[in-house]
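Turn these sequences into a full structure, and let the hints steer you where they fit.
Next come the chains, spelled out residue by residue.
4 protein chains.
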Amino acid sequence: MSHNTFGHMFRVTTWGESHGPALGCVVDGCPPGIALTEADIQAWLDLRRPGQGKFVTQRQEPDAVRILSGVFEDERTRELFGGQVTTGTPISLMIENVDQRSRDYSEIATAFRPGHADYAYFAKYGVRDYRGGGRQSARETAARVAAGAVARKVIAGVTVRAALVQIGPHAVDRSRWDWDETHNNPFWCPDAAMVSVWEEHLETIRKAGSSTGAIVEVEAVGVPAGWGAPVYGKLDAELAAALMSINAAKGVEIGAGFASAAFTGEENADEMRMGNDGPVFLANNAGGVLGGISTGQAVVARVAFKPTSSILTPRRSVNEAGEEVELRTKGRHDPCVGIRAVPVVEAMTACVLADAFLRHRGQTGGVVHQPGG
Amino acid sequence: MSHNTFGHMFRVTTWGESHGPALGCVVDGCPPGIALTEADIQAWLDLRRPGQGKFVTQRQEPDAVRILSGVFEDERTRELFGGQVTTGTPISLMIENVDQRSRDYSEIATAFRPGHADYAYFAKYGVRDYRGGGRQSARETAARVAAGAVARKVIAGVTVRAALVQIGPHAVDRSRWDWDETHNNPFWCPDAAMVSVWEEHLETIRKAGSSTGAIVEVEAVGVPAGWGAPVYGKLDAELAAALMSINAAKGVEIGAGFASAAFTGEENADEMRMGNDGPVFLANNAGGVLGGISTGQAVVARVAFKPTSSILTPRRSVNEAGEEVELRTKGRHDPCVGIRAVPVVEAMTACVLADAFLRHRGQTGGVVHQPGG
Amino acid sequence: MSHNTFGHMFRVTTWGESHGPALGCVVDGCPPGIALTEADIQAWLDLRRPGQGKFVTQRQEPDAVRILSGVFEDERTRELFGGQVTTGTPISLMIENVDQRSRDYSEIATAFRPGHADYAYFAKYGVRDYRGGGRQSARETAARVAAGAVARKVIAGVTVRAALVQIGPHAVDRSRWDWDETHNNPFWCPDAAMVSVWEEHLETIRKAGSSTGAIVEVEAVGVPAGWGAPVYGKLDAELAAALMSINAAKGVEIGAGFASAAFTGEENADEMRMGNDGPVFLANNAGGVLGGISTGQAVVARVAFKPTSSILTPRRSVNEAGEEVELRTKGRHDPCVGIRAVPVVEAMTACVLADAFLRHRGQTGGVVHQPGG
Amino acid sequence: MSHNTFGHMFRVTTWGESHGPALGCVVDGCPPGIALTEADIQAWLDLRRPGQGKFVTQRQEPDAVRILSGVFEDERTRELFGGQVTTGTPISLMIENVDQRSRDYSEIATAFRPGHADYAYFAKYGVRDYRGGGRQSARETAARVAAGAVARKVIAGVTVRAALVQIGPHAVDRSRWDWDETHNNPFWCPDAAMVSVWEEHLETIRKAGSSTGAIVEVEAVGVPAGWGAPVYGKLDAELAAALMSINAAKGVEIGAGFASAAFTGEENADEMRMGNDGPVFLANNAGGVLGGISTGQAVVARVAFKPTSSILTPRRSVNEAGEEVELRTKGRHDPCVGIRAVPVVEAMTACVLADAFLRHRGQTGGVVHQPGG
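Protein chains in written order, with this note's numbering: chain U, 988 to 1360; chain Z, 988 to 1360; chain A, 988 to 1360; chain D, 988 to 1360.
Bear in mind the hints are in silico, worked out from the structure with no lab data behind them. By construction, the Cβ of each residue, glycine as well, lies at the ideal position given by its N, Cα and C atoms. A few of these clues could be false.
Incomplete in silico selection of chain U near chain Z, CB under 8 angstroms [as the list claims (entries may be wrong)]: (1) S989; (2) G1102; (3) W1164; (4) I1202; (5) A1248; (6) E1258.
Quick list of the computed label-pair ranges, beta carbon to beta carbon [unchecked claim]: (7) Z/Y1092 with U/A1158: 40 to 46 angstroms; (8) A/V1208 with D/A1143: 44 to 50 angstroms; (9) U/T1146 with Z/Y1092: 57 to 63 angstroms.
As structure tokens, this is what we get:
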């Protein structure tokens, strides 16, 4: 994680501001010979796109991605790989900003929104692009989702999926968990019975000009044992950094996470039996990671998102001139940024796993050593 | 975070196994001209050292650190800097393993402790040093504490301190928080009234041959606004990785963390007023970090630690031959690894901050832009 | 240097193929508050642009650069910084490929040009974009020149300039060296008397459908003492990597370079006297770098470029089917790629120095310790 | 290359000063399951060791290496791997400094040797360990040789060997090249007839209290096609950095190197025919690298070393007080540091190749695509 780049072998560098001409990313280190089209990436971007419901920003961005480099197609690639493929060179992805609605930024141009990064950027750089949040805007996450679409292709055997498990004080009932339900509502909610509760809650929040926090849960199924590395390149440490780097994230936990603080050793330790393809675990408090290395179980993480700081209620603040002001943020804003974070959490997880896969293959050749093997 | 190295400008590489001849670290990129002696580092190691109470491992390690490189002393340094100082070259620190008690590892040599990294290491590498946990041992954290002692010198104006805030189900009462109390009990407990509760709880756990989880809270006071960088080199993302890389960590949160998921925007946004030296915040839900950049408030994080997996209760597992076994872990073990993690959390926080300081100074020159300034 | 990224603090990631829609780079870590417009960058690109004479490729590319992110302008920046400035966030630069002349690639699509990277790319990746050389094309260097233009702004007090000192067997006479002359001829030749010799030589080479090698010399004046770091981050080691990474480069030397192998210690050691602003050296065999750290003298390096491998003379080769073939490369090609390399050598040198400056400032604060100071 | 670390997947961090208690390195990212003992490493160190002849420093260092971590041996490893093996965790290697002869450093403690890094270190850091050259000492290269011994094990199919090809003005006659001869003389000279010329030359140099430069040539045979990566992670760019980072190196060239500047395209392009195991090249001007990627031919590089700056002849200089002085360097010094550089050049080449191998395997799986395959 170096400023605007993350990953070691599968490296993603993102760039772009909310109201600049475009945003995008460069994906470097991608293996060659992987079928990849703009449509492959667009599908994931469309899931993330705002403007799909009344609970996400009404900004209408087509978010059409272009692949500017790193792929190739000719007769031979069609024959060998089925069409356009990656060549192993950097994949440059660009999304133009078309809906930079003209508006008045005179207030936030000089005053710092409480809870927002305005002041921190000013203090660090002395200059900032405040239009729409600039580099701090959630629009940057479109580039993450695009990169994640490539990462998914690299770890083709792994399924990465996420769900929203809490909005404000309302958490899903895990006994009703159904992954299929996440496609039936605008919240990626896995608990059908919770949808109407959240709708009502968000409607109240929206009308009040307020906002609310949320928790996202992600799982990656199909990760073989052995990915990740001690002691600072741990899979869960890399995941923690990647997920905490998402806008508004304030907490990350793996497996049982904070709950494990209250566990006894007996409750915590996932027992093992032998299955046909290696050890089988009788629980997954570990969240699929032990000692920073994947165990073959599902990798499970949760991310807490704070409420967006852009609210209509006036808040006390200061401005660049050092004056005390009252500030309320008008304009289009998500009442719950956690909703749109779901595809971003998936994308970051996919990127971290793709990187771990390539590094593991590099150091060890990629073999999984199995008991009795 | 690259395998066994972390940091960008202030870089720490650790090495060593529990039962090898020694362990240590190389600290690279440290500024020159900083007074540094072995005693400076030893003081922090002594705080971390096991063998200080009945609730931490009874292994008796003096953990005497040696500085093998990167410092120099002559008449001129005594005159200019007051004694031995860093030279800007790599600082190699070594701690010999003197108490490698001879014992029988025949059982864990081939069977995998549930909840332990045994199986993950085997699956990845095919070979592992199982004696005392090898590289997975908490002894590795001695090298982190040593590096942290150097980091503290680099950020001399910052105070980094941590406390244990929960053991098992018993959380401290924050209204009774007193930092001074952390030095009066073996738990770094800031709530004097909680000490006896924890003692009793741990005694029960210990007698049962069980273990328990815990939560550590750390704060860094004196961090100026501007450290950290968007969007992947965020201060909180780096902190999350560093803290999650500590043995047995399962969750990390910044400021209000997971609680912020239930907040409204009004509750979450820390309002600002002007103080004499820049903005003053009326709350610190942000934990001192907004947009990945420090705000000048205290940087606050919490880390959840799972119970150690080495318990006396027999657990179902498998061994390298692929056979199903029942396993209980005899020998010296902490009933609560979270206790000993307190100085490690401090050390990792100090290292992340030292790195952020040097990177910030590199990119910007280190000026803090203040409103009205 | 990690695949397609170089630099540590001032980091450049380039992307793009010769015949894709565009090419570009992301410059990350640039300090904020630096005045930067597209015109600033375009000026350097125009110097590099092909199509300016009969001795460089006749491809007509306007090479118009766009800044897609990382800069900002409003009334306040105009007042404080004089206009549009860097914000400290990633600067994305893009150049569209407009002259992708339709042609027949059927031959080089499957056969490997001797001396070209065709075979190496095929062996590594199994798939390659052969149109115009794909990623191997010298067009990639436009992105380097663009990044170099930003780097020059970061090290505003340093002048980086290069000259061509040899084409084929014809080396300049150093006693006639005049930097001003480099702007008076299409070869960046500092020796006015050599220009006609080179013209004649290149005309012969061009008519024969052949090509020739060349040597470029670069100097950076104004670099203070102290940039660079032992022992692998040495300024000359970083320069060597950066310059050797330029297409067709086969050798790099610093200061007296290979000639120093024949020196005695007396000849080699640059003696020192005291000047008004620190030590003055009586010679510069060191090329401004000792122990990997700048000395305050001009940093001097030379780079050898091989002849382009795309020649009209038929050469024996093999093709993807494993058949032996005779191959001659038709189309537009420079008879001497070294000519166009001059601005690229300057750009890479500027980038390495900008990175060294920021790293030095990060570790030490940027002070130069002077004798008697 | 980040201060004192190099490599991406196979990473080497060195530490230590000439007159500190010890020096060493940490090798991180080494694959597991590789047989490795101290004797394996010691063999290469013994070749490098000073004190073996009258033309290298008379300092008597046993240079006994200790492996402090990263290896393991038990019955199972003896059975599976034949003894002690790497575990995939960091390998810490240490060499104690036993011959820190007590001497008077009063002069060089304050005055800067011309041609030495003394002044550069002072200007950068303000403090330096001047005893025996401190971190600038050639003793640091012992750690490189130790790391190189590990690297050789990682690329077991590759033979890396180097020879001295020029001392002062006396170059070997390549028509008499015999690798076996390099073991028959103290100069690693491949031209038996040149040995007496060099002996005489060095005797003259030594008696005069002077020193001389030299050129080392290295080749790596057995490198498959495909290692390295465009465009900044090029194999030759990484080699250039690694070799230029060796003390006293002033130039690096690959294959025909600087000579290729005088070549025509016809002379330069190595023609290809089909062999049984892929393409066969009819020449190797490329030095085994095209487009930054290995071609399957021998990788060939040359490094120029300047004369050591520590000579008996008085030279004009300045001291820390800013006074002008005359300085002559007494004590033990190599008349030709290039001689001892031979094993170091081999070691750095091996490390670069090991890193390239692991990275290539990571990104692509390690397959070589062959024509007709």
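Range hint compliance [Cβ, Z/Y1092 to U/A1158, 40 to 46 angstroms]: Taking Cβ atoms as reference, Z/Y1092 and U/A1158 lie about 44 angstroms apart, which means the hint holds.
Range hint 44 to 50 angstroms (beta carbons of A/V1208 and D/A1143) holds or violated: Check passed, 48 angstroms falls within 44 to 50 angstroms.
Satisfaction of the U/E1258 interface hint, Cβ to chain Z closer than 8 angstroms: 4 angstroms, holds
Interface hint status, U/I1202 versus chain Z (Cβ within 8 angstroms): 5 angstroms, holds
Interface restraint verdict for U/W1164 against chain Z (beta-carbon cut-off 8 angstroms): Since chain Z brings no Cβ nearer than about 18 angstroms to U/W1164, farther than 8 angstroms, the hint is violated.
Proposed interface contact between U/G1102 and chain Z, which counts if any beta carbon pair is under 8 angstroms: Hint holds; U/G1102 Cβ to chain Z Cβ min 3 angstroms, cut 8 angstroms.
Supplied contact hint for U/A1248, tested at 8 angstroms Cβ to chain Z: Cβ of U/A1248 sits 4 angstroms from chain Z, so the hint holds.
Evaluation of the interface hint that places U/S989 against chain Z, nearest CB under 8 angstroms: Since chain Z brings a Cβ to about 6 angstroms from U/S989, closer than 8 angstroms, the hint holds.
Pairwise beta carbon distance, U/T1146 to Z/Y1092, judged against the given window 57 to 63 angstroms: Hint violated: Cβ distance 38 angstroms, outside 57 to 63 angstroms.
Taken one by one, the earlier hints fail for this structure at numbers 3, 9, listed in ascending order.
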